[in-house]
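Enquirer: Just so you know, the protein sequences line up as chains A, B, C and D, in that order.
For the first sequence, position 300 matches number 433 in the numbering used here, and the numbering has no gaps at all.
For the second sequence, position 321 matches number 454 in the numbering used here, and the numbering has no gaps at all.
For the third sequence, position 215 matches number 229 in the numbering used here, and the numbering has no gaps at all.
For the fourth sequence, position 236 matches number 250 in the numbering used here, and the numbering has no gaps at all.
Hints should not be assumed to be uniformly reliable.
[Unchecked claim] In silico lysine to aspartate or glutamate, EDC-like type, Cα no more than 16 angstroms apart, as pairs:
| id | chain 1 | residue 1 | chain 2 | residue 2 |
| --- | --- | --- | --- | --- |
| 1 | A | Lys402 | C | Asp293 |
| 2 | D | Lys246 | D | Glu215 |
| 3 | C | Lys57 | B | Glu295 |
| 4 | A | Lys419 | C | Glu34 |
| 5 | A | Lys188 | A | Glu259 |
| 6 | A | Lys220 | A | Asp160 |
| 7 | A | Lys358 | A | Asp344 |
| 8 | D | Lys57 | D | Glu73 |
| 9 | A | Lys455 | A | Asp421 |
| 10 | D | Lys57 | A | Glu295 |
| 11 | A | Lys193 | A | Glu225 |
| 12 | C | Lys57 | B | Glu297 |
| 13 | D | Lys57 | A | Glu297 |
| 14 | B | Lys402 | D | Asp293 |
| 15 | A | Lys419 | A | Glu479 |
| 16 | B | Lys455 | B | Asp421 |
| 17 | A | Lys455 | A | Glu428 |
| 18 | B | Lys419 | D | Glu34 |
| 19 | C | Lys57 | C | Glu73 |
| 20 | A | Lys268 | A | Glu295 |
| 21 | C | Lys246 | C | Glu219 |
| 22 | D | Lys246 | D | Asp217 |
| 23 | C | Lys246 | C | Glu215 |
| 24 | B | Lys455 | B | Glu479 |
In case anyone wonders, no lab produced these hints; they're calculated from the structure.
Model, not experiment: these values are computed from the prediction.
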Amino acid sequence: MKIHEYQAKQILARYGVPIPRGEAVTDADAAAEVARQLGSPVVVKAQVPVGGRGKAGGVKLARTPDEARAVAGQILGMSIKGIVVRKVLVEEAAQIAAEYYLGITVDRAARRNVVMVSAAGGMEIEEVAATTPEKIARVWIDPGIGLADFQIRQVCYAAGLEREAVASATRFLRALYDAYVANDAGLAEINPLVLTTSGSLIATDAKIDIDDNALYRHPELAAYKEESEDDPVEAEAHRRGLQFVRLEGDVGIIGNGAGLVMSTLDEVKRAGGAPANFLDIGGGAKADLVANALEVVLSNERVKGVLFNIFGGITRCDEVAKGILEAARRLSIRVPIVVRLTGTNEQEGRALLQGTKLIPAETMEQAAARIVALVRGGAA
Amino acid sequence: MKIHEYQAKQILARYGVPIPRGEAVTDADAAAEVARQLGSPVVVKAQVPVGGRGKAGGVKLARTPDEARAVAGQILGMSIKGIVVRKVLVEEAAQIAAEYYLGITVDRAARRNVVMVSAAGGMEIEEVAATTPEKIARVWIDPGIGLADFQIRQVCYAAGLEREAVASATRFLRALYDAYVANDAGLAEINPLVLTTSGSLIATDAKIDIDDNALYRHPELAAYKEESEDDPVEAEAHRRGLQFVRLEGDVGIIGNGAGLVMSTLDEVKRAGGAPANFLDIGGGAKADLVANALEVVLSNERVKGVLFNIFGGITRCDEVAKGILEAARRLSIRVPIVVRLTGTNEQEGRALLQGTKLIPAETMEQAAARIVALVRGGAA
Amino acid sequence: MSILINRETRVLVQGITGREGTFHTQQMLAYGTRVVAGVTPGKGGTTTLDVPVFDTVAEAVRQTGANASVIFVPQRFAPDAVLEALDAGLSLCVCITEGIPIQEMIRVVHFVRQSQVGGGGMRLIGPNCPGLISAGECKIGIMPGNIVQRGRVGVVSRSGTLTYEIVDSLSRAGLGETTCIGIGGDPILGSTFADILPLFEADPETEAVVLIGEIGGSDEEAAAEYIPRMTKPVIGFISGRTAPPGKRMGHAGAIVSGGRGTAQAKVEALTNAGVPVADTTSEIPGLVRQALRS
Amino acid sequence: MSILINRETRVLVQGITGREGTFHTQQMLAYGTRVVAGVTPGKGGTTTLDVPVFDTVAEAVRQTGANASVIFVPQRFAPDAVLEALDAGLSLCVCITEGIPIQEMIRVVHFVRQSQVGGGGMRLIGPNCPGLISAGECKIGIMPGNIVQRGRVGVVSRSGTLTYEIVDSLSRAGLGETTCIGIGGDPILGSTFADILPLFEADPETEAVVLIGEIGGSDEEAAAEYIPRMTKPVIGFISGRTAPPGKRMGHAGAIVSGGRGTAQAKVEALTNAGVPVADTTSEIPGLVRQALRS
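Let's have the full structure, built from the sequences with the hints guiding it.
Expert: Here it is as structure tokens:
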């Protein structure tokens with residue numbers, strides 16, 4: 134789960150990370166009021182859980198409350214990578230002497246959490262990683278020991294931070310790690326960590342991703358989750374227990390198992406089609422869930438055809454067939470649906486679909502070719 | 134550091150361990166008032182950080198507030214193993230169906246914490262350990278993993294607790310472990326853990342020892358420490374940074390290094406004497422500390438003679454000599470003092486003592502023989 | 015022959031009395047698997063499908079000599095279940111449970127792999143995996159047994175149903191399998207491709223290996239470093255070739271992955287290691303046959 | 015010969031700029047120890063007693079090839095200092111610091127010993143110990159160097175000054191020492207008697223070993239199990255024979271110790287293992303001489 138910058142900062146502040154004074158607001162007047170209260174130049178920042186908002190014009194400096202009102206007015210309502218900005222964070226602007234990078238995430242290959250520090254923080258950190266990786270110091274955390282103090286010192290010295298900044302950077306990193314662990318984050322990042330002209334350190338941007346699988350033990354983060362769902366269709370799918378990702382094409386795809394669905398996407402693309410979504414109904418789905426899945430896919434108006442690809446293991450093909458028929462009863466379906474059922478109870482499943490408008494297919498390849506032809510042809 | 138039962142219960146309650154309702158009081162009327170508020174039969178228990186108080190008459194049942202006043206009056210002021218009872222805990226009496234034992238401590242040989250559970254709890258648990266050790270189930274805690282849930286189940290099932298008690302016993306044990314770890318305990322024990330006739334579990338006695346070396350990171354426990362020091366001489370010695378244990382004899386003993394002091398005790402005993410204390414001035418002691426040490430030892434009126442045994446390494450013999458002379462100036466010393474100085478700066482040290490009433494000795498054995506003869510003889 | 019499990023494997027089911035646990039125990043028994051014990055705390059002393067149930071894994075092992083376990087307990091109890099299997103001295107644990115927090119698995123996998131230092135210890139398959147089948151001998155997990163035919167090919171996969179699809183096609187093509195393993199779809203796994211390939215390399219009956227990867231992580235790239243040392247042919251497939259790069263992972267993710275993890279990078283790594291990579295699943299049996307001929 | 019340290023040992027001082035660290039670095043240098051580096055975070059780039067100081071142990075090792083460290087940092091930083099030494103790949107770490115919480119040492123010693131699984135790793139001496147001296151070659155820690163004379167006896171002890179007392183008497187008796195080690199007085203130690211005795215057994219120059227124990231714990235009892243397998247004589251001494259049983263430790267302590275830990279139990283265990291146990295320190299040189307004659 135991605136959360137907004139201001140939410141990440143709320144979490145970090147609880148663990149003792151110094152953040153700029155400020156507030157997130159939803160309208161321009163409130164932005165001006167925050168700027169007035171702060172009594173200093175402010176930065177107004179679009180709250181969207183995607184990168185590149187700076188380049189998209191979503192981050193602006195304002196010297197006065199009036200300027201703050203004006204830039205907040207520009208940013209609120211703008212669309213960044215397809216996401217409409219509904220909130221801006223208005224906060225005190227920092228006097229920057231140096232920008233550092235602090236990050237903690239999972240290194241899958243090492244099977245450990247990795248801590249990264251660089252003296253070359255700021256927007257170009259990925260560029261730094263690609264061209265001069267030695268400028269990013271790393272330490273890997275032993276899962277039994279946890280992050281040891283000496284490792285924090287090691288990585289801060291190795292990153293070449295200004296010597297006078299090391300002591301407070303180590304406190305920052307400890308707080309960041311505590312926040313990372315306590316909130317089951319998969320990523321916690323401060324970029325930039327600003328060394329101000331007065332010699333103190335402050336987190337002017339922050340990013341935390343929470344492990345969805347761990348949300349059950351963080352009920353206090355549920356409110357963040359709500360706000361992080363920007364796509365109403367995705368939100369609805371997740372509520373119904375479906376793995377769903379919206380894509381750009383027009384062929385709706387439903388299958389059981391992530392790998393199988395991804396392969397189905399690949400086949401549709403090979404056949405010249407463009408998938409409209411990824412939807413995995415998981416293992417052992419009952420008719421009801423299948424019907425829900427079809428309903429979600431069809432709620433996307435771009436969809437011109439749907440492909441079901443089911444390999445029955447725990448999932449029974451007859452349950453899937455029943456689900457499709459149930460959905461067909463509930464909705465008026467005006468697009469072609471190709472159904473490939475194989476595995477557990479495939480005979481029963483196919484029998485149920487006989488005599489309906491649903492189009493059977495034998496293999497994944499045939500099914501993909503068929504739905505693409507139908508969508509291209511424009512008719513079932 | 135040993136703390137009182139009621140203090141241990143305060144700690145445990147913070148970690149979710151159910152304890153009987155009650156309060157610690159310092160006079161009989163207050164005891165009656167607590168009993169009245171509880172409105173049920175109560176147990177009145179002497180708060181002394183030593184075992185065997187039950188047999189000593191320090192634990193009594195009272196059915197009414199008047200009875201509570203009466204027994205509290207008997208218990209307050211009584212002496213248990215040399216410690217005067219200043220507080221009693223008055224708490225609701227439990228209806229006992231079964232008594233269990235839960236304990237966590239350090240197993241030095243295994244270099245791990247060990248969790249112990251027995252269905253044969255109560256006062257005779259050490260008897261059980263000696264005669265039927267298989268009745269005490271144990272699991273050792275991997276320092277990297279911590280106490281795993283399965284281990285709690287394992288030890289509870291292995292101990293043969295009533296099946297219906299296992300689920301809540303596991304919660305008890307988790308809470309006990311959390312309290313143990315979070316407070317740097319060396320021992321945390323619930324004995325008995327009472328299964329009441331109504332089927333619930335409650336900790337009717339509790340014991341926690343805190344690692345003195347870890348007190349620096351538990352400032353909230355400082356108040357407990359004050360109350361745990363029953364011997365004013367020991368308390369004074371500890372305040373002055375001296376390792377001190379009061380013993381029963383009349384030969385005061387001061388040395389540097391625990392092993393050397395223990396050996397000096399052994400030698401005095403072999404020579405027919407009886408040590409009055411163990412006092413280790415540690416490494417590198419300055420004159421001031423040495424003077425303090427002598428002062429503390431002499432504050433014990435039983436002391437009829439003092440033996441200094443110093444092997445100079447970091448500790449310099451001349452510093453020790455200066456300290457003894459300083460103390461001699463401050464106090465009027467009326468008992469013989471035998472001084473054995475060897476190692477770093479021994480010449481300088483011995484020179485300083487020449488011409489004083491202090492009695493030099495060459496070896497530890499000679500020093501021990503000399504002081505014992507002097508104390509026995511009754512004169513220097 | 016086969017790898018990891020065979021006719022002699024004595025299987026214990028952790029969470030045997032749950033809905034999933036009972037259903038799949040039935041399926042495993044029907045396949046001929048020797049399910050010798052179940053564990054559900056508080057249900058010790060009962061039986062499920064005539065299998066004796068114990069309160070703890072340690073007790074079950076003591077009483078039945080179980081040496082492998084399969085875990086069907088819910089998300090929040092699964093990490094502890096793996097540690098319990100480890101503590102009880104089992105040599106194999108298959109964790110079917112999905113949705114375990116990644117930080118839990120980092121810890122658990124660390125301790126499991128620590129047990130393997132210097133040989134011995136426990137091997138963990140999963141979590142979030144379908145389990146494994148040694149054709150005609152033993153099935154642990156949830157793979158449908160009917161698609162597996164005794165044969166010459168070892169299959170190792172990060173997917174579930176996609177594996178069934180491919181195994182089915184191998185069986186229909188008359189190639190058949192030795193052992194089919196789903197190592198799981200999570201970011202942190204007990205066993206990786208690089209852990210399983212040497213077992214197939216050492217198995218006399220396995221003549222070729224099909225490796226089914228997908229986007230994300232770098233397990234396929236790590237496997238590609240080992241494959242050139244193998245004497246047996248490996249045929250690859252990577253799903254997710256057309257998946258969009260996904261929403262942004264933050265800088266840290268990009269720094270750590272350093273360009274690995276895309277389908278393209280994986281196909282390239284495998285191709286450089288001499289592995290024929292199929293474009294579609296239907297090509298796989300043909301590529302296997304071809305590799306076996308040469 | 016000697017054990018653990020010799021002329022070649024390259025010593026790093028953790029906490030070199032502190033009062034104790036600087037004082038004992040001077041003493042070690044005076045003894046001829048090759049102190050090649052010091053570490054104090056924030057003081058990297060400076061020197062102390064002409065020894066270069068680094069911010070981290072890893073950097074110090076990289077620059078100077080140090081292979082052993084001695085720790086003089088305060089109580090609350092010492093556990094981390096040991097882990098830093100471990101991480102930097104040192105083969106020996108001597109922790110002088112006293113007063114470390116026992117729960118910290120349980121963790122630290124666990125990880126240190128884990129590094130030794132399968133050979134290699136780091137050996138920890140201490141904490142709360144005086145360190146060690148290989149006579150005439152190298153001194154690490156705070157033992158007074160002047161009492162040690164090159165000779166035939168290995169000394170291993172849980173005490174500090176009591177060790178000096180005994181070493182001094184061995185030197186005066188003309189027996190002399192190979193290596194003298196104080197393993198420390200804390201309940202949880204990096205190395206125990208049973209860890210050190212095999213090193214003396216393997217050292218060609220050591221002809222006898224003096225083991226100086228004290229009440230508490232069961233390290234002496236554990237040593238007594240190993241000693242019968244040694245070819246060299248061991249002479250024992252136990253201090254605290256007349257110590258009172260101490261204030262009550264609670265039931266748990268009594269259950270765990272199970273009667274071990276008293277001076278009587280230790281003397282008995284050693285005696286049963288064929289070890290002559292001295293009644294007073296002054297008897298020790300005689301017993302050693304006797305053992306060497308027979």
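Enquirer: Indicate, hint by hint, whether the structure satisfies it.
Expert: Verification of the supplied hints:
Straight-line distance between C-alpha atoms of Lys402 (chain A) and Asp293 (chain C) comes to about 12 angstroms, which keeps the hinted pair within the 16 angstroms bound. A C-alpha spacing of about 7 angstroms is found between Lys246 (chain D) and Glu215 (chain D), which places the hinted pair at or below 16 angstroms, so the restraint holds. Our distance criterion of 16 angstroms between C-alpha atoms is met by Lys57 (chain C) and Glu295 (chain B), whose separation comes to about 14 angstroms. Taking the CA atoms of Lys419 (chain A) and Glu34 (chain C), the gap is near 14 angstroms; set against the 16 angstroms cutoff, the hint holds.
In summary, the hint linking Lys188 (chain A) to Glu259 (chain A) is supported, as the alpha carbons are separated by about 15 angstroms, within the 16 angstroms threshold. For the hint pairing Lys220 (chain A) with Asp160 (chain A), the CA-to-CA distance comes to about 8 angstroms; that is within 16 angstroms, so the pair holds. Our distance criterion of 16 angstroms between C-alpha atoms is met by Lys358 (chain A) and Asp344 (chain A), whose separation comes to about 11 angstroms. In summary, the hint linking Lys57 (chain D) to Glu73 (chain D) is supported, as the alpha carbons are separated by about 13 angstroms, within the 16 angstroms threshold.
Note on Lys455 (chain A) and Asp421 (chain A): the hinted pairing holds, with a Cα-Cα distance of about 8 angstroms set against a maximum of 16 angstroms. With a C-alpha separation of about 14 angstroms, the suggested pairing of Lys57 (chain D) with Glu295 (chain A) holds against the 16 angstroms cut-off. In summary, the hint linking Lys193 (chain A) to Glu225 (chain A) is supported, as the alpha carbons are separated by about 12 angstroms, within the 16 angstroms threshold. In summary, the hint linking Lys57 (chain C) to Glu297 (chain B) is supported, as the alpha carbons are separated by about 11 angstroms, within the 16 angstroms threshold.
Of the pairs offered as hints, the one joining Lys57 (chain D) and Glu297 (chain A) holds, with about 11 angstroms between alpha carbons and a cut-off of 16 angstroms not exceeded. Among the hinted pairs, Lys402 (chain B) with Asp293 (chain D) is consistent with the structure: their alpha-carbon atoms are about 12 angstroms apart, no more than 16 angstroms. Of the supplied pair hints, the one linking Lys419 (chain A) and Glu479 (chain A) holds, its CA atoms being roughly 15 angstroms apart against a limit of 16 angstroms. Among the hinted pairs, Lys455 (chain B) with Asp421 (chain B) is consistent with the structure: their alpha-carbon atoms are about 8 angstroms apart, no more than 16 angstroms.
Our distance criterion of 16 angstroms between C-alpha atoms is met by Lys455 (chain A) and Glu428 (chain A), whose separation comes to about 14 angstroms. A C-alpha spacing of about 14 angstroms is found between Lys419 (chain B) and Glu34 (chain D), which places the hinted pair at or below 16 angstroms, so the restraint holds. Proximity of Lys57 (chain C) to Glu73 (chain C) is assessed by CA-CA distance (about 13 angstroms); at most 16 angstroms being required, the pair is judged to hold. Taking the CA atoms of Lys268 (chain A) and Glu295 (chain A), the gap is near 14 angstroms; set against the 16 angstroms cutoff, the hint holds.
The suggested pairing of Lys246 (chain C) with Glu219 (chain C) holds, with an alpha-carbon distance near 11 angstroms, which does not exceed 16 angstroms. Restraint check for Lys246 (chain D) and Asp217 (chain D): satisfied, since their Cα atoms lie roughly 10 angstroms apart, inside the 16 angstroms limit. A threshold of 16 angstroms between alpha carbons decides the hint, and for Lys246 (chain C) with Glu215 (chain C) the separation of about 7 angstroms falls inside it, so the pair holds. Restraint check for Lys455 (chain B) and Glu479 (chain B): the C-alpha separation of about 12 angstroms stays at or below 16 angstroms, so the hint holds.
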